[in-house]
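S.K.: From first to last, the protein sequence lines stand for chains P, G and W. The working numbering puts the first residue of the first sequence at 1, with every later residue one more than the last. The working numbering puts the first residue of the second sequence at 1001, with every later residue one more than the last. The working numbering puts the first residue of the third sequence at 2001, with every later residue one more than the last.
There may be inaccurate statements among the hints.
Said to hold, decoys possible - Pair ranges (Cβ atoms, derived):
hint, chain 1, residue 1, chain 2, residue 2, range
1, W, G2468, P, E246, 46 to 54 Å
2, G, R1178, P, E152, 56 to 64 Å
3, W, Q2004, G, L1088, 28 to 36 Å
4, W, P2930, P, E104, 37 to 45 Å
5, W, T2370, P, E246, 22 to 30 Å
6, P, N153, W, D2531, 41 to 49 Å
7, P, N153, W, P2917, 40 to 48 Å
No wet-lab data here; the hints were simulated from the structure. Every residue gets a Cβ at the ideal spot worked out from N, C-alpha and C, and that includes glycine.
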Amino acid sequence: MTTLPEATTRKLGLVIDLDTCVGCHACVIACKGWNTENYGAPLSDQDPYGAAPSGTFLNRIHSYEVQPATGTAQLVHFPKSCLHCEDAPCVTVCPTGASYKRVEDGIVLVNESDCIGCGLCAWACPYGAREMDQAEGVMKKCTLCVDRIYNENLPEVDRVPACVRTCPAGARHFGDLGDPESDVSKLVATRGGMDLMPEQGTKPVNKYLPPRPRDRLDEVDVLAPLLAPVAAEPTGFLGWLDRALERL
Amino acid sequence: MHPAPSVIAFTTLSGAGFGLLFWLGLGLPAVTGWVAFVFFAIAFALAAGGLMASTFHLGHPERAWKAFSQWRSSWLSREGVCAVAALLSMGAYGAGLVFFGTRLAPLGWLGAALSLGTVFTTSMIYAQLRTVPRWQSPLTPALFITIALGGGALLAGQVTAAMALLALAGLVQLIWWRRGDRALAESATDIASATGLGRIGTVRSFAPPHTGTNYLLREMVHEVGRRHARRLRVIALALGYAVPVVLLALPFGHALAALAVVSHLAGIAASRWLFFAEAEHVVGLYYGKR
Amino acid sequence: MTHQPRLDTSPHVSDEVRRTTCYMCACRCGINVHMKGGKVAYIEGNRDHPVNRGVLCAKGSAGIMQHNAPSRLRAPLKRVGPRGSGEFEEISWDEALQIACDWLEPIRRDDPSKLAFFTGRDQSQSFTSYWAQNFGTPNYAAHGGFCSVNMAAAGIYTMGGAFWEFGQPDWDHTKLFILFGVAEDHDSNPIKMGIGRIKARGARVIGVNPIRTGYNAVADDWVGITPGTDGLFILSLVHVLMRAGKIDLDYLARYTNAPVFINGDPASPEYGLFMRDADGKPLVIDRTTGQLTAFDTPGVRPDLSATHEANGITHRPVMHLMAERYLDPQYAPEAVAARCGISPDKIRRIAAEIARVAFDEEITLDHAWTDFRGETHQTMVGRPVSFHAMRGISAHSNGFQTARALHVLQILLGTVEVPGGFRFKPPYPRPVSAHPTPHCKTTPGQPLDGPHLGYPRGPEDLALKEDGSAARIDKAFTWENPMSAHGLMHMVISNAHAGDPYRIDTLFMYMANMAWNSSMNTARVMEMLTDRDANGDYVIPHIIYSDAYSSEMVAYADLILPDTTYLERHDCISLLDRPICEADAAADAIRWPVVTPDRDVRGFQTVLVQLANKLKLPGFTTEDGTARYTDYADYMVNHERKPGIGPLIGFRGDGSDTGRGAPNPAQIDRYIENGGFFVSHIPEAAQYYKPWNRAYQDWAVGIGIFDKPQPYIFDLYAEPMRRFQLAAEGHGERQPPDHLRDRIKSTMDPLPIWYPPFEDTAIDTDEFPIHALTQRPMAMYHSWGTQNAWLRQIHGHNPLYLPTKLWQKHGFATGDWARVTSPHGEITVPVAHMAALNENTVWTWNAIGKRKGAWALSEDAPEATRGFLLNHLIHELLPPRGDGLRWSNSDPITGQAAWFDLRVKIEKATAPSEAQPGFAPIKSPVGQGPDHLAWTVGK
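This is chain P alone, in the form it adopts within the complex (with noise of 0.2 Å):
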């Protein structure tokens, strides 16, 4: 039913921290290597050892580089995949009612048999979160793993999606949004965490953390004084080491 709940009982969502990512796509690869064996068809791949492969993939990771007004330039990796909105256009769009957010945890799923295929709801999505699937014609997209977080075949440690389990860096934090004392939420509050596209009005449950201020060194305020010599020259440095060498 497109139709969006009221509102859901929690909001399972991803908290990606951009001042930790490297950018090494590990998370990319393991969700494609679950969600390929996984939940409904397989994310295919078109000319995979030709001149232009081009495959379905639910999470992906961008690079941006940002100059601010004086000083270096930085690069800032960004990892993307289904924010899983409150107010999610992808779902009220779909004619067949395949497209759902889940009551009871809020997760934007699609019901694969009922998809025609029609690809409105990648149209209705500001964040590219939804691909159709060249092989099978259904639109795929991330599903939070939802054939892991609560899957009673995995140990308990395991129920979190492919891709928060694999991040070697720690940058994908999985929880519960709408509880404002679970660690994602705290973390959110603490470090900033921010919305992407706020002005579609889309309400994402998916955060990410900003990076932490870049190149303070270069700043005249620096964290330390800068050292004062013991003496200008090596005699004078064999002096001072005689005398604190007496101290130790």
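Given chain P, put chains G and W in place with the hints provided.
M.R.: Same frame as chain P, now just chains G and W:
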């Protein structure tokens, strides 16, 4: 957006088809028998043919019937419902005219409303999308409806109405382009809001996620050369609106009328190609493509 | 209100999880291989594994695509067309082994040095070297010589270990982490995990790298240094820190040779060597007695400032020499700033920040420990600044001294083997004295006289023949590069082709793509491999190659021995070799066949066992010629290097012995049950100060790392280097050739120095003003990633990134191409703009470009049409100087290939149809991959 031929054909043809049905539903022209049959055949061929064409771009056309279910929330679903209702009511109405020489006027009015409603719902599929600022405007339904009414009048042989409506549609088209060209820049969405990094400095896409292409780029990031677009706009304006009006102003003749119709449909097809090809989906911002 | 589809949120995940070790790169993470219906369904990190603790990188997660890659070789191949054509016929293993033996047997009988056996990215070097040693050839090494030997050797010679496999930052306690150069390619998951952990604690990262990508992108501060000047920058930091007295004097006095006296008599043949007592122990002056005393005397308080007068000569300790050298204004920030491309202020601020964290944020752990002099310390005091570097600063012709400088900086700060600093991983620390020396003496039909590779202590350990010529085909351990501890694989083909120092008969290589991305001067190497002599015979008569995949090198071999994938094989990640230990644990691991090959392929190590048995090599066969081992798994369990010490430390004897114990037939099963690895933790009191900590030394003896405790002090002053200098000054029997005398004198300084990269002095830097670098992307490993359908979508081609200054100067726009020229070659390639880049540096991703026809890709693959290698611009030799000599483009101490010394010029070019130079396609021995993938094994 990718200017998919199936969708261009669909919106162009079915727009004209439902436009014709609208006029037929009003009893303009008041035809019966074989003449009515020809009119209705043309209208149904255009409207239903366009709908058929639109299913070509579906991944699973065999499940298309499921699209009728979500009329409460989805414009695409509403379009489907509206289109079927329009075709059914106009089918019954047309059957009355063709086979019984009877005009069930209230059914015609209903069918006319549904036909126009179909064009409106089609336009709302695009106009609702905040992700495509060029489309998200009341001018989009205005454009679709004036074109459908004008094209329908042309097909229905309503010369005066057609001339007026086509001129009006041309005017709406100009306004729509003028607004559309500024829409993305005037929307609050840019690469800074897309990435949230604007607070640090000027954001530039350094590298895309993958070196090759993907569905998003193919489907939603289409780049049109500015000169090419300008040329196409002139063609669309001329063929879609000006030429038919001029032709209609000439002494009436079937050949000229047919030429006007062909010119109109070609012009609208060009307009629709631009409608998609020039539409900037905000996802392109993530790829540094705007 | 709404109804949702019923969803099975607990679907079947897998029939079984088989835990083994990844081999998608050199990291050796533990992996859980989920199996469905006997097939690999999904691969994830093993949470229990000491290396990756559950996480896994893109490569590891894409293992399923590598394991099933269409580029896999299917059966042994015999060349039927000309070399380089790629024309082969499939043959049986019996025939393949017979061909190999027909070539190898006469070599071994007549002159074992006619075999050059080099094993590339081999993780079984203790085994492959054992094979080569038993065969009797001196010509063995793996790929370290063109990778990071400078870092490794400089670490061993300075402090008994370096980074990665040798040690790691104390991630739990460090407060400032400083990363030099490109480091994404080694120890990749542990460093990502470490950076994540310290960032979660709010600790800071400084990145020193001309390019701000990867780890440097997340660094809080970025130092966009000019390539090749890292050593100068580090010595300037040393200058500022020493001048301010911000060095750890107590640490230096106790644990380093800073107080050791240096013979100051210019007339002595021991000038510049340590002053020693009758037992050969280096001498210090005890502050308590004022007398010269052996450094390790119980209760001694070594003095750093005293001098010693004898016979009118003033002898001084190392600390004096260091003060004299590094307080010199030549290392002042103002003096180095322009060359380093870093402002003097920034150098001073970085020094101040290092000092602040090291000395004002000192940390203390309440763990008592006893040092080697018998003194018990109630706490462990740490200076929480840590460093890491790998290939970035190593791959220069001044890389050894630069790496030494970095190790010395850490030691001056007192951050090595202390809480918050740098920690060794067993079997390190291991001083030079605990390593073998190189061996090169061949005897027909007999094994070599000892291990090939080692750490020379002086000229007497060089691998030279009686006539002074090189004993090894790669000229390792010669005056050209005396401390080439990892050999010089990158010189083998060039030297073999030139017949310099001699001709060989068979080149036998494993997992080294020498006909493409692993060689400098790639096009010429392909010619060398196919070149024929006046008789029409190949100059290199026989080439045997083993690889699992259809790499570019395959086409250039006469005989292909197809290897398995990493999921189909036995391997051991051994403490005898390159283990996976952590700073607080000894650990090793295995690979085992979690799936059976569906092709006629065999693990390379097993093939070596079979060849050894056929050749009846000692070590592999008994006196009567009976085979000791049937395959590699048998060797892993039953081989003993010394009684009780084998490749694997876990589950020895009856299964309860660790380190030392009799072979246990059930050992591999026990490893499999345990998740494919074994860990033995170091006791708390032994976890820091390892070189001097009695508890650690005793633990190391217990586990079999040492036979007796061997505490040592760090070598700020590297005496072995001084011995080579002394020879160059005319002392001793073994004398360098005259043309190398000055270079040895100037470069083999026993205290770290900096000199400009050789290429800078050999060419006109005004004509070639731009530095050109490569980096390995985190999602690809060497050439392997390209055959991987998932990974090649991420990096299918590579632009050359240009800094803003060059971008604007040449008027480049998106989509443009550039002609890039070095003194050695020219390429025409696509360019892209990057602002966060040193303004005189261009760079690209390494090994993305591919030869048409390789890796089962279509010939129009973007890797072959837009992708490119920088290798075409780099020569294994420096430009000729007109002296008729072949001067190699490498570090003069270790011979490490100086990849990153490359200088180029750049100009805008009309876009060619394909990246240039282009090469003719090679015929694929495996066909081409399918045009569609939808990979599911379940259901």
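S.K.: Please list, smallest to largest, the hint numbers that this structure does not respect.
M.R.: Hints 6 and 7 are the ones this structure does not satisfy, whereas the remaining hints hold.
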